[in-house]
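With chain Z fixed as given, assemble chain D onto it according to the hints.
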Amino acid sequence: MAVVERLTVAKAINNGLRRALETDPKVVLMGEDIGKLGGVFRVTEGLQKDFGAERVVDSPLAESGIVGTAIGMAMRGYRPVCEIQFDGFVFPAFDQITTQLAKMHYRSGGALTVPVVIRIPYGGGIGAVEHHSESPEALFAHTAGLRVVSPATPQDAYTMIQAAIASPDPVIFFEPKGRYWEKGDVDLTAGPDDDAVAGLGLARTVRTGQDVTIAAYGPTVATALKAAETAATEGTSVEVIDLRSISPLDSATVTASVRRTRRLVVVHEAPVFFGAGAELAARVTEECFYHLEAPVLRVGGFHTPYPVAKIEHDYLPGLDRVLDAVDRVLAH
Amino acid sequence: MTQHGPLADDGLVQLLTPSGERVEHPEYTPRTSHLDGAALRAMYRDMVLVRAFDTEATALQRQGELGLWAPCLGQEAAQIGSAHALAKHDYVFPSYREHGVLLSRGLDMARVLRLFRGVDHGGWDPTEHNTHLYTLVIGSHALHATGYAMAVQRDGLVGTGDPGRDTAVVAYFGDGATAQGDTNEALVFAAVNNAPVVFFCQNNQWAISEPTTHQARVPLAQRGPGFGIPSVRVDGNDVLASYAVTAEALERARSGGGPTFIEAFTYRMGAHTTSDDPTKYRSAAEEEFWRQRDPIDRLRAYLVAAGELTAEHTAEIDTAAQELAEHVRRETKALGRPETTSMFDHVYASEHQLVAAEREWLTQFEDSFAPAGGA
Chain Z
0 MAVVERLTVA
10 KAINNGLRRA
20 LETDPKVVLM
30 GEDIGKLGGV
40 FRVTEGLQKD
50 FGAERVVDSP
60 LAESGIVGTA
70 IGMAMRGYRP
80 VCEIQFDGFV
90 FPAFDQITTQ
100 LAKMHYRSGG
110 ALTVPVVIRI
120 PYGGGIGAVE
130 HHSESPEALF
140 AHTAGLRVVS
150 PATPQDAYTM
160 IQAAIASPDP
170 VIFFEPKGRY
180 WEKGDVDLTA
190 GPDDDAVAGL
200 GLARTVRTGQ
210 DVTIAAYGPT
220 VATALKAAET
230 AATEGTSVEV
240 IDLRSISPLD
250 SATVTASVRR
260 TRRLVVVHEA
270 PVFFGAGAEL
280 AARVTEECFY
290 HLEAPVLRVG
300 GFHTPYPVAK
310 IEHDYLPGLD
320 RVLDAVDRVL
330 AH
Chain D
0 MTQHGPLADD
10 GLVQLLTPSG
20 ERVEHPEYTP
30 RTSHLDGAAL
40 RAMYRDMVLV
50 RAFDTEATAL
60 QRQGELGLWA
70 PCLGQEAAQI
80 GSAHALAKHD
90 YVFPSYREHG
100 VLLSRGLDMA
110 RVLRLFRGVD
120 HGGWDPTEHN
130 THLYTLVIGS
140 HALHATGYAM
150 AVQRDGLVGT
160 GDPGRDTAVV
170 AYFGDGATAQ
180 GDTNEALVFA
190 AVNNAPVVFF
200 CQNNQWAISE
210 PTTHQARVPL
220 AQRGPGFGIP
230 SVRVDGNDVL
240 ASYAVTAEAL
250 ERARSGGGPT
260 FIEAFTYRMG
270 AHTTSDDPTK
280 YRSAAEEEFW
290 RQRDPIDRLR
300 AYLVAAGELT
310 AEHTAEIDTA
320 AQELAEHVRR
330 ETKALGRPET
340 TSMFDHVYAS
350 EHQLVAAERE
360 WLTQFEDSFA
370 PAGGA
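Respectively, the protein sequence lines represent chains Z and D.
Taken in order, the first sequence gives residues 0 to 331; the numbers are from numbering that gives the first Met the number 0.
Taken in order, the second sequence gives residues 0 to 374; the numbers are from numbering that gives the first Met the number 0.
For reference, chain Z alone in the conformation it holds in the complex (with noise of 0.2 Å):
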């Protein structure tokens, strides 16, 4: 029996963390300022006070002392939750993660499984300081051993947040800080072993058509549906898929999409090149290059630092950008 409220993304993601830390008692969160303060966007809002100050961490501020120190726990059982408080402080980090997190279980032959979730609030919009806007997921999905997520709606964040944790694999595991509050009904029943699972690697069609498909995932799967709604009354069919997942990626169900809708767009926030939207764009042409009616297009941030929060709307792929390059894969 469902038991749906409707919740923010952030408060969704507090709640899958609770349900973890209710079910596993060898799940620990641990960050800067997650404790009493509940995290600088309150996602672990009172789990201290109710889990207590060993569950729910408060850590020195260092964030490779962080990620290090959960590995160390994670080879003993644990599965610790390392929140980093934003995206442009984690690579201090990036050593641990890519060099030792994510080989741990390859060279130990199989050992060794080192179940450790790395939070991530990225992306832009919030009008922020440098530092803070970022968007470095491709450089965590170059790294084989890691899988990396980012939901889109409450549900999704309630259930992907469920299922990293469960995962036996390392999980970089990016939140669009710019949707943290925008609200959506999740069901409180659904469990890491439900479609959430499907979230660490499949993609889902969240909306069908047949002129134009549009890839994107955690803060431009908004913007996708806004473009597909927009592109209608001008009489376009736009078909929208969330990646929810960026490693693994699921090409299979872009292709089958592109087959029907013969035309690719992929937005993300991040810039586009060497992004996800380029290795998405080389394995549509390399699965499906006969259906193609247009080349695939991305949109994107460029190959700028994240420009300062006044012009920051002109760096993000908006409303606009998306409708302009659906335009221009149907003009072929």
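Keep in mind the hints are simulated off the structure, nothing from the lab.
Mixed in with the good hints there might be a few duds.
To be verified - According to the in silico footprint, chain D covers these stretches of chain Z (three or more CB under 8 Å from chain D):
| no. | region |
| --- | --- |
| 1 | 12-20 |
| 2 | 53-62 |
| 3 | 89-101 |
| 4 | 115-129 |
| 5 | 141-151 |
| 6 | 231-237 |
We treat Cβ as the ideally placed atom computed from N, Cα and C, and that holds for glycine.
For chain D alone, coordinates are given in the frame of chain Z:
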């Protein structure tokens, strides 16, 4: 060879002089009083065995059987003294030169060569001997050790008073690692969590070509107090003193007293690895000075003088050393080439579509070269 700063050799805990005479230390001598002739011989045996192993591994590299070798020559006392203080259920995180520690932990030493042979990135199951794989990135594992110790705390295996349960974790690293951020973060996390971890730093005076003066201006043991971690500086060529200070640190960790930083002052008598050439950066006189302070000679002199090492003992140990060398040579040369598709094994613990697809692709590609009609 009296030096200053991080290479000063004063203030070292020593229980055995370089010529093999016992010296009394009010604090640490009692830590060794239960060690009888058999216990000391067991340490001596491990030191001789690991040197034979080390020598054999160097030979195997020179003969093209290993891609690389990192000898532990000269560091046997620090490694075996500390390892003999460990309980089986304690957990060890070695760097990549801790062959003596591995031998004392009971590993099949042939497994250790798999990494250097190029057939494995690890080589053994860490859970079998509570001994983690070698970590090649300097200092990274100090954090893993600290996290592991934090897990031990959560498991309630600290301060129970039951020696069969109370557990400590040891991170081994070198002087170069003390400059790494991860090592310093490990000290922070260990201190604030009061984690049951011992940081065992072998200051072998050389980080490849850089002397310890390039990592610090003061003895490395002084790093500890700044973090609120008690520290001790020990003569790392003295197996008894290395044992004693480690025993004390382990007891502190297991009883809930928190971390300890040990600096074992020793000397890397060999090259950093078989790819290194120490003649380019250090003097023959320095090497000779330390050859006179060989840790094995020191313990042998003591045991012989004490009547604890007979010709029969020596013969048995030498035979065992020879057998170990033959064993690792035989096992190493028998190691074949791993299956090509094994590169896809264990990338993930659960199915990952891309890895599965690439494995399938490479398999078919390889099969396409098979002679028609099949082999």
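Consistency of the hints with the structure:
no., hint, in the structure
1, 12-20, "violated (count 0)"
2, 53-62, "holds (count 4)"
3, 89-101, "holds (count 5)"
4, 115-129, "violated (count 0)"
5, 141-151, "holds (count 3)"
6, 231-237, "violated (count 0)"
Checked against the numbered hints above, the structure breaks hints 1, 4 and 6 and satisfies the rest.
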